[in-house]
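Engineer: Chain by chain, the residues run as shown.
Protein chains: 2
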Amino acid sequence: MDNEIVAGIDIGGTNTVYGLVDKEGKILSEGKITTDTSPQADGFVKTLALEINKLLAGHKGYSLKGIGIGAPNGNYHKGTIELAPNLAWKGIVPFADKMKKEMGKPVVLTNDATAAAVGEMIFGGAKGIKDFIILTLGTGLGSGFVVNGEVVYGHTGFAGEYGHVIIIPGGRECGCGRRGCLETYVSATGIVRTAKILLEERKSKSVLREINPAVIDSKMVAEAAAGGDKLSLDAFDYTAEILALAIVNAVVVTSPEAIFLFGGLAKAGDLLFLPLKKYVDEFIQPVFRNTFDILPSAIPETNPAVLGAAALAWKEL
Amino acid sequence: MDNEIVAGIDIGGTNTVYGLVDKEGKILSEGKITTDTSPQADGFVKTLALEINKLLAGHKGYSLKGIGIGAPNGNYHKGTIELAPNLAWKGIVPFADKMKKEMGKPVVLTNDATAAAVGEMIFGGAKGIKDFIILTLGTGLGSGFVVNGEVVYGHTGFAGEYGHVIIIPGGRECGCGRRGCLETYVSATGIVRTAKILLEERKSKSVLREINPAVIDSKMVAEAAAGGDKLSLDAFDYTAEILALAIVNAVVVTSPEAIFLFGGLAKAGDLLFLPLKKYVDEFIQPVFRNTFDILPSAIPETNPAVLGAAALAWKEL
Numbered sequence: 000m001d002n003e004i005v006a007g008i009d010i011g012g013t014n015t016v017y018g019l020v021d022k023e024g025k026i027l028s029e030g031k032i033t034t035d036t037s038p039q040a041d042g043f044v045k046t047l048a049l050e051i052n053k054l055l056a057g058h059k060g061y062s063l064k065g066i067g068i069g070a071p072n073g074n075y076h077k078g079t080i081e082l083a084p085n086l087a088w089k090g091i092v093p094f095a096d097k098m099k100k101e102m103g104k105p106v107v108l109t110n111d112a113t114a115a116a117v118g119e120m121i122f123g124g125a126k127g128i129k130d131f132i133i134l135t136l137g138t139g140l141g142s143g144f145v146v147n148g149e150v151v152y153g154h155t156g157f158a159g160e161y162g163h164v165i166i167i168p169g170g171r172e173c174g175c176g177r178r179g180c181l182e183t184y185v186s187a188t189g190i191v192r193t194a195k196i197l198l199e200e201r202k203s204k205s206v207l208r209e210i211n212p213a214v215i216d217s218k219m220v221a222e223a224a225a226g227g228d229k230l231s232l233d234a235f236d237y238t239a240e241i242l243a244l245a246i247v248n249a250v251v252v253t254s255p256e257a258i259f260l261f262g263g264l265a266k267a268g269d270l271l272f273l274p275l276k277k278y279v280d281e282f283i284q285p286v287f288r289n290t291f292d293i294l295p296s297a298i299p300e301t302n303p304a305v306l307g308a309a310a311l312a313w314k315e316l
Numbered sequence: 000m001d002n003e004i005v006a007g008i009d010i011g012g013t014n015t016v017y018g019l020v021d022k023e024g025k026i027l028s029e030g031k032i033t034t035d036t037s038p039q040a041d042g043f044v045k046t047l048a049l050e051i052n053k054l055l056a057g058h059k060g061y062s063l064k065g066i067g068i069g070a071p072n073g074n075y076h077k078g079t080i081e082l083a084p085n086l087a088w089k090g091i092v093p094f095a096d097k098m099k100k101e102m103g104k105p106v107v108l109t110n111d112a113t114a115a116a117v118g119e120m121i122f123g124g125a126k127g128i129k130d131f132i133i134l135t136l137g138t139g140l141g142s143g144f145v146v147n148g149e150v151v152y153g154h155t156g157f158a159g160e161y162g163h164v165i166i167i168p169g170g171r172e173c174g175c176g177r178r179g180c181l182e183t184y185v186s187a188t189g190i191v192r193t194a195k196i197l198l199e200e201r202k203s204k205s206v207l208r209e210i211n212p213a214v215i216d217s218k219m220v221a222e223a224a225a226g227g228d229k230l231s232l233d234a235f236d237y238t239a240e241i242l243a244l245a246i247v248n249a250v251v252v253t254s255p256e257a258i259f260l261f262g263g264l265a266k267a268g269d270l271l272f273l274p275l276k277k278y279v280d281e282f283i284q285p286v287f288r289n290t291f292d293i294l295p296s297a298i299p300e301t302n303p304a305v306l307g308a309a310a311l312a313w314k315e316l
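Chain order of the listed sequences is A and B. The opening position of the first sequence corresponds to residue 0 in numbering that gives the first Met the number 0, with each subsequent residue numbered one higher. The opening position of the second sequence corresponds to residue 0 in numbering that gives the first Met the number 0, with each subsequent residue numbered one higher.
Because the hints were derived from the structure by calculation, they are not lab data. Worth double-checking, as some hints may not be accurate.
Each pair may be met inside one copy or between any two copies, as identical chains are not told apart.
Here are the simulated DSBU-like cross-link-like pairs (lysine-lysine), alpha carbons at most 30 Å apart as the crow flies [claimed, not checked]: (1) Lys277 to Lys64; (2) Lys195 to Lys100; (3) Lys204 to Lys64; (4) Lys25 to Lys97; (5) Lys97 to Lys129; (6) Lys276 to Lys77; (7) Lys129 to Lys53; (8) Lys276 to Lys45; (9) Lys266 to Lys99; (10) Lys45 to Lys202; (11) Lys25 to Lys100; (12) Lys129 to Lys218; (13) Lys129 to Lys77; (14) Lys126 to Lys25; (15) Lys97 to Lys31; (16) Lys314 to Lys129; (17) Lys276 to Lys266; (18) Lys229 to Lys100; (19) Lys266 to Lys53; (20) Lys126 to Lys77.
Note that the structure is a prediction, hence the values are computed from the model and not measured.
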């Protein structure tokens, strides 16, 4: 009998990565193409289907059970990608339907951070955990909330947009048109904004002053902090303080057993986690004290998004 | 054959109210006793059981299916009342177990705001709505989150403590020992604090100045606002602004179809709802615009807590 596999696809603003994934979360093979920049998605769907069929051709004896897709502004209920600011496709694209027609297999689609949550649940550190939250700290901040073993999609299918919780009323301007959203503070771009503000506010020495401000990125801040640069450490401390506030505010809503942090900033390890835990202890509502763990994601860093999308397919199809 | 009924019990800091409720949400009879002030709950459980049995004796032909209880700091998972600041019982009281032993019937217990959510779901405006939030605006602010038709209890059983979301970092001192919690702004006591702050900040005329500040309550603020008192209207406006912020922040997490407001402040009607909707429109994250309604609770105001507790019994037992 055939072994079953699924395809996991992660659609990003620049690249789309995909892979064939078995039930244990092993990626049998993978590939990458440039995300289409034409206003219609049809051509891209055909190309993507072709590439996946090429991969499948290299794995005789396996049958494709279905396809999982993570995409920005992906709507789980409808299988659509809606008004995604970083993609060229305009309006509401019925991406799952198009892909299903092309491949003749069931397709399930959700937003990228939700896919990360499912990945954590099926292949990562959240196995057996029924209530958890994952925060993905990248260019922005994505999130997935899992309650009683089920991903929270909400009435619209867009639930879990915790990057756009207003954490500091009247605070930093956000790309969404509002002010004070969490991701303007807690993300790769957020910590760079913090570092640059500290550079302006202070007169103290910092290795960051030796870098052209226009090119400072979050890795440089992390490297400087790891080397003991006070200003960069303070940028991490402030990021951790705001993240702690966001975490204690999420805890009063869903009371999770664990919160997983994923992505670039989370990889900074103790630089982030030590001040984070200190502030969480300080801010936590008493009844929830010591009721949850804050952990780095246990999903391997190579192609986590493909694994998440594949996990979704395994879970739902 | 016997008709089935359940008992709904609402344990409050001062009084405990209870009633026999049929499947349609009709309260057949009800009663009220003073909540016990001894450090042990045992005597109170016996008294309460006795009173419920008295009610039952008046309804021959009905059989008691079970008992639902709403209580401050009620833990749904364990059936316990834990460290409730407004109750005399110390520590962790296994209230559901005690009641079950006394009555010989199944007992389900949860916190009072969660019971209100179940009441709204079974007997109120949330029939058929799978994703909603209820905010109960009383002395404090309670909440219940319903996701995909199920109440969110979380890992601890205490999920849905939205009164203690930190809405203004560093803001007003809260009874929980922290600062800036939502209920310090949006509740009967919160709006009174706002009105008194405005009285101090401003020199303008207000009918509230004719009242001894020590006795000003939220009804007086509502009456003054209804009579056109500018300062009191501004107190409602500010309360609505903070509530709007809290609502848009909850929407990004669970993306509900409706948000129900319950309790004293919600009864102020347009005084609260008009500015609230204006601020929600202003603050909402674009992808969630016009995806949810904000509605007054449809649960009748007489003994809503008893109905909520009874609804829980009907739902769970």
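Engineer: Is it within, between, both or neither when you check Lys195 against Lys100 at 30 Å Cα-Cα?
Structural biologist: Classified as neither; 49 Å inside a copy, 64 Å across copies.
Engineer: When no copy is specified for Lys276 and Lys77, does a C-alpha distance of 30 Å or less occur within a copy, between copies, both, or neither?
Structural biologist: Result: close only across copies, 28 Å inter versus 38 Å intra.
Engineer: From the Cα coordinates, with 30 Å as the cut-off, is the pair Lys276 and Lys45 best called within, between, both, or neither?
Structural biologist: neither (47 Å within a copy, 45 Å between copies)
Engineer: As a check of your reading, is Lys129 near Lys53 (CA-CA no more than 30 Å) within one copy, between copies, both or neither?
Structural biologist: Neither. Shortest intra-copy (37 Å) and inter-copy (42 Å) distances fail the 30 Å Cα cut-off.
Engineer: Which holds for Lys314 with Lys129 at a C-alpha limit of 30 Å: within a copy, between copies, both or neither?
Structural biologist: Both: 14 Å inside a copy, 22 Å across copies.
Engineer: What label fits Lys204 with Lys64 when the C-alpha limit is 30 Å: within, between, both, or neither?
Structural biologist: neither (58 Å within a copy, 72 Å between copies)
Engineer: Classify it for me, Lys126 with Lys77: is the Cα-Cα distance of at most 30 Å met within a copy, between copies, both or neither?
Structural biologist: Both ways: Lys126 and Lys77 sit 27 Å apart in one copy and 23 Å across, limit 30 Å.
Engineer: Under a CA distance limit of 30 Å, which applies to Lys25 and Lys100: within one copy, between copies, both, or neither?
Structural biologist: Answer is within; shortest intra-copy Cα gap is 27 Å, inter-copy 52 Å.
Engineer: When Cα atoms must be at most 30 Å apart, do Lys45 and Lys202 count as within-copy, between-copy, both, or neither?
Structural biologist: neither (56 Å within a copy, 70 Å between copies)
Engineer: 30 Å Cα cut-off: does Lys129 pair with Lys77 within a copy, between copies, both or neither?
Structural biologist: both (25 Å within a copy, 17 Å between copies)
Engineer: First find the shortest C-alpha distance between Lys277 and Lys64 inside one copy, then the shortest across copies, and answer within, between, both or neither for a cut-off of 30 Å.
Structural biologist: Neither. Shortest intra-copy (45 Å) and inter-copy (48 Å) distances fail the 30 Å Cα cut-off.
Engineer: Have a look at Lys97 and Lys31 and pick one of within, between, both or neither, based on CA distance no larger than 30 Å.
Structural biologist: Classified as within: same-chain Cα gap 19 Å, cross-chain 61 Å, threshold 30 Å.
Going down the numbered hints, you'll see the structure goes against 1, 2, 3, 7, 8, 9, 10, 12, 18 and 19, while the others check out.
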